[in-house]
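**Student:** Construct all of the structure, not just a fragment, from the sequences and the given hints.
Going by the working numbering, the first residue of the sequence shown is number 1, and it counts up by one from there.
Hints should not be assumed to be uniformly reliable.
In silico lysine-lysine, BS3-like type, Cα no more than 25 Å apart, as pairs [said to hold, decoys possible]: (1) K85 / K130; (2) K85 / K129; (3) K85 / K40.
Label-pair ranges, simulated between beta-carbon atoms [said to hold, decoys possible]: (4) S68 / R114: 25 to 31 Å; (5) D126 / R80: 17 to 23 Å; (6) K129 / R80: 35 to 41 Å; (7) S50 / L109: 34 to 40 Å; (8) T92 / E122: 36 to 42 Å; (9) F46 / G121: 27 to 33 Å; (10) S50 / N113: 34 to 40 Å; (11) R39 / Q133: 27 to 33 Å; (12) R80 / M131: 29 to 35 Å.
Hints listed in this document are in silico derivations from the structure and should not be mistaken for laboratory results. Each residue gets a CB set at the ideal place from its N, CA and C atoms; glycine is no exception.
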Amino acid sequence: MAFLIDVMNIYDNSREEDIFNKQVPDNSLSIAPALDFIRKNYSQEFSMESLADLCNMSATHFRRTFASVMNTGALDYLIRIRIEKASLLLRTTDMPILNISEEVGFHSLSSFNRHFSSIVGEAPRDWRKKMSQIHDLSILKNTGWMTPPKI
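**Tutor:** This is the structure:
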């Protein structure tokens, strides 16, 4: 998983550089336990020091290593994972936005709205409404005609 993330980071940053000339940091696999922990426990409260301990690093070294490998801080990465999970719930469920924000680990609705808006570009309510309109226009809505009628 960490290798794929490294490849994606290299590709994203290679707009002006040759992808084959870019060096992968030697310490990229050292943060793999933290990445795995974040993905599995994104909704829970944990400290960056605990992530550093998982990787057998000091907190300062962990922050520096994480930022150099992922091109973002560990807290920003956690917030992005939470927003990604929230967007999935907004699209696929009718759960109230407050419940979704709590489900993905935010402790206040205002914090969730602020982070969601800064990452996605619009408020969760507006985004959900737009996604439901896109789904209504989708061909997936009309797949029922392919199944035989129930007798």
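**Student:** Compare the structure with each hint and give your call.
**Tutor:** Hints versus structure:
no.: 1; hint: K85 / K130; result: holds, 17 Å
no.: 2; hint: K85 / K129; result: holds, 17 Å
no.: 3; hint: K85 / K40; result: holds, 11 Å
no.: 4; hint: S68 / R114: 25 to 31 Å; result: holds, 27 Å
no.: 5; hint: D126 / R80: 17 to 23 Å; result: holds, 19 Å
no.: 6; hint: K129 / R80: 35 to 41 Å; result: violated, 22 Å
no.: 7; hint: S50 / L109: 34 to 40 Å; result: violated, 26 Å
no.: 8; hint: T92 / E122: 36 to 42 Å; result: violated, 18 Å
no.: 9; hint: F46 / G121: 27 to 33 Å; result: holds, 28 Å
no.: 10; hint: S50 / N113: 34 to 40 Å; result: violated, 27 Å
no.: 11; hint: R39 / Q133: 27 to 33 Å; result: holds, 30 Å
no.: 12; hint: R80 / M131: 29 to 35 Å; result: violated, 18 Å
The structure fails hints 6, 7, 8, 10, 12 (numbered hints given earlier, in ascending order).
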